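Colleague: One letter stands for each residue in the lines below.
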Amino acid sequence: MMWSPEYESMSGERRRELQFKRLKATVERVYNKVGFYRAKMEKAGITPADLRSLDDLKYLPFTTKEDLRLNYPFGLFAAELDEVVRIHASSGTTGKMTVVGYTKNDLGVWSEVMARSIASTGGGRHDRIQIAYGYGLFTGGLGAHYGAELVGAMVVPTSGGNTKRQLQVMRDFGVTVLACTPSYALYMAETAQEQGLDLHALPLRVGIFGAEPWSEPMRQRIEAEFGIKAYDIYGLSEIIGPGVAIECVEQNGLHIAEDHFLPEVIDPVTEQPLADGEKGELVFTTLTKEAFPLIRYRTKDLSILYPEACACGRTTKRMHRILGRTDDMLIIRGVNIFPSQIESVLLENGDTTPHYQLVVDRKGNLDDLEVRIEVSEEMFASEIRKLEELGASIRRKIESALGINVRVKLVEPKSIPRSEGKAVRVIDRRNLYNG
Amino acid sequence: MKVKQISVFLENKSGRLAQVTKILGANRINIRALAIADTADYGILRLIVNDPAKARAVLRAEGLTVRETEVIAVEVPDQPGGLGRVLQELDDKGINIEYMYAFVGKTAENAIVIFRVEETDRAVELLKNSQVKLLPESELYHY
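Top line first, the protein sequences correspond to chains Z and C. Residue 1 is where the first sequence starts when you use our numbering, and the numbers rise one by one after that. Residue 1 is where the second sequence starts when you use our numbering, and the numbers rise one by one after that.
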């Protein structure tokens, strides 16, 4: 079912007209209201008046996460702060958060694209939607919430955690749609089994899973364990949050809400746009946002765009499920983690940065992050108590910096393999991008 | 009369201890005493050897994390109650023990107990004129 058939199935020509009109308005907005964008465009020798067609998008400068960091917290806002009614934030590379803002209209757009997403999976006003994404600065919880309210579903805002209660609520309230991270869904399935709860006997029929990469085999497992259809949803707080793209019942790529977010795929090295069908870095330009518009934002997510019509009737471009990252960002339990954040903590901890390695695994269906730290002579003591205290203190500092639980393991020097003299910082055993 | 113990950080992996002793053997270093403290992930090997400086150097050269730790070595009569009297004396003098381990020397009349205490210098000072017999380095390493 389509929530907004007018926009979701509009002809390619009409969509391009709409996109161009909105692009021009957005570029004018940032040019006039945000010094950073104006300076960048002046440096590139381009003004809003130079935009003559959608193809001219490629002349606009990119925006990066580093730009967001440099303008922390509100430097890129293109609306008066009095107009901003909501703030969200995600982790940055060095401890500084990436902050985004929304006007009332922005929240309307977000609710709209989220409502489309829910409708795309077959959800509607008769559904009871359990939202087990975290509520708070993270966009997952509130984003899904507003969309679910807009479609008129019964919203069950459980937020994350307390898995036994999640399952009790799911059973007792007759939940039909579950929205959470795919790894948490698997963890719920495991807990249900331990509790002797038969998930197949519940009215649950749809799962909307996102905020972290997952694979086709993982989808099959979730579908089998719950007896539901599991849909992949894509979004990032910088662009708006969840709802940027969603699978339809065909489960063959994610339809992008193209009337609000203009997608491109570029070669991450040459920065040249790639043709549809080619794999590269996803770049988005927001077309309707007021408080936090972004021009050609480099997501660092790898994907492919498919322009072909879909059997579901939507005419929007589809993106392949995320195929990887161009940087070393990890998504663990839905939280963005950069190795550099851990490095900053270790730097604070002593005079020299010890060699470290992050090992990410899935244990009992839940992401597990182990931080291995090579014990240097400065850190080493012959008393177990002192070493245990050292490990615990590093763990506490990392946990407070990242906001997730980690395990710290002290290891021998040189036991972390080096390639070309540089330590291999991350081992991800989750196999997220396969299949 | 502080003496030197060599402390080595070892992960709980098979063959680690064999490797350390092999390095020491190849460099003709004799182990006088040894103790291991361990956790789930790692252990600390504590060694008394005949040549601590050389032991440290060769183990470091092999990439191990090594430290010299100051400890005291006490000669204890190898008979019932021998250790008890020493511990009582330490307690009376307010010397806190971090860890300890014992070995029997070649003569078999006395045992040697190695103590890691909180404040080594203070402990040595307090024990100087007591019943507790501290062994100097020269004697300990070749005991």
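Calculated from the structure, these hints are not laboratory results. One or more of the hints may lead you astray.
Residues on chain C that point at chain Z, a partial pick, calculated with CB under 7 Å [claimed, not checked]:
id: 1; residue: 14
id: 2; residue: 37
id: 3; residue: 69
id: 4; residue: 89
id: 5; residue: 92
id: 6; residue: 103
One-sided and incomplete, this derived list gives chain Z residues near chain C with beta-carbon spacing under 8 Å [what the hints assert, rightly or not]:
id: 7; residue: 14
id: 8; residue: 70
id: 9; residue: 71
id: 10; residue: 74
id: 11; residue: 382
id: 12; residue: 383
id: 13; residue: 384
id: 14; residue: 388
id: 15; residue: 405
id: 16; residue: 409
id: 17; residue: 411
id: 18; residue: 412
id: 19; residue: 413
id: 20; residue: 416
Which chain C residues stay away from chain Z? Per the calculated CB distances, all over 12 Å, these [to be verified]:
id: 21; residue: 5
id: 22; residue: 64
id: 23; residue: 70
id: 24; residue: 106
id: 25; residue: 126
Fair warning: this is a prediction, and the values are worked out from it, not measured in the lab. Heads up, the beta-carbon is just placed ideally off N, CA and C, and yes, glycines get one too.
Colleague: Are the hints correct? Go through all of them and say.
Modeller: These are the hints, each one checked on the structure:
Interface restraint check for residue 14/C: the shortest CB-CB distance to chain Z comes to about 13 Å, outside 7 Å, so the restraint is violated. Of the supplied interface hints, the one on residue 37/C holds, with its beta-carbon coming within about 5 Å of a beta-carbon of chain Z, less than 7 Å. The restraint placing residue 69/C at the interface with chain Z holds, with a minimum CB-CB distance near 4 Å, inside the 7 Å limit. Evaluation of the residue 89/C hint against chain Z yields a violated restraint, the C-beta minimum of about 22 Å exceeding 7 Å.
Evaluation of the residue 92/C hint against chain Z yields a violated restraint, the C-beta minimum of about 23 Å exceeding 7 Å. The beta carbon of residue 103/C comes no nearer than 17 Å to any beta carbon in chain Z, farther than 7 Å, and the hint placing it at the interface is violated. For residue 14/Z, the interface hint is violated, since its Cβ never comes within 8 Å of a Cβ in chain C; the closest pair sits about 62 Å apart. With its C-beta approaching chain C no nearer than about 40 Å, residue 70/Z sits outside the 8 Å limit, and its interface hint is violated.
Given hint, residue 71/Z at the interface with chain C, is violated; its Cβ is 43 Å from that chain's nearest Cβ, farther than 8 Å. Hint on residue 74/Z is violated. Least Cβ distance to chain C is approximately 44 Å, over the 8 Å limit. Proximity of residue 382/Z to chain C holds as hinted, the smallest CB-CB distance being about 4 Å (cut-off 8 Å). Look at residue 383/Z: its Cβ gets to within about 5 Å of chain C, closer than 8 Å, so that hint holds up.
Nearest Cβ of chain C to the Cβ of residue 384/Z: about 5 Å, under the 8 Å cut. The hint holds. With a least beta-carbon distance of about 7 Å to chain C, the hint placing residue 388/Z at the interface is held under the 8 Å criterion. Proximity of residue 405/Z to chain C is violated relative to the hint, the smallest CB-CB distance being about 17 Å (cut-off 8 Å). This hint holds: residue 409/Z has a C-beta 5 Å from the nearest C-beta of chain C, less than the 8 Å allowed.
About 6 Å separates the beta-carbon of residue 411/Z from the nearest beta-carbon of chain C, less than 8 Å, and the hint is met. Using the Cβ-Cβ criterion of 8 Å, the hint placing residue 412/Z at the interface with chain C is satisfied: the shortest such distance is roughly 5 Å. For residue 413/Z, the interface hint holds, since its Cβ comes within 8 Å of a Cβ in chain C; the closest pair sits about 5 Å apart. Because the smallest distance between the Cβ of residue 416/Z and any Cβ of chain C comes to about 11 Å, over 8 Å, the interface hint for this residue is violated.
Chain Z draws residue 5/C into its interface by the beta-carbon criterion, the shortest separation being 7 Å against a cut-off of 12 Å. Listed as a non-interface residue, residue 64/C fails to keep its Cβ farther than 12 Å from every Cβ of chain Z; the least gap is roughly 7 Å. For residue 70/C, the shortest C-beta to C-beta distance to chain Z comes to about 10 Å, within the 12 Å cut-off, and the non-interface label is violated. Every C-beta of chain Z lies more than 12 Å from that of residue 106/C, the closest at about 26 Å, which supports listing it as non-interface.
Every C-beta of chain Z lies more than 12 Å from that of residue 126/C, the closest at about 21 Å, which supports listing it as non-interface.
Hint check: violations occur at hints 1, 4, 5, 6, 7, 8, 9, 10, 15, 20, 21, 22, 23; the rest are consistent with the structure.
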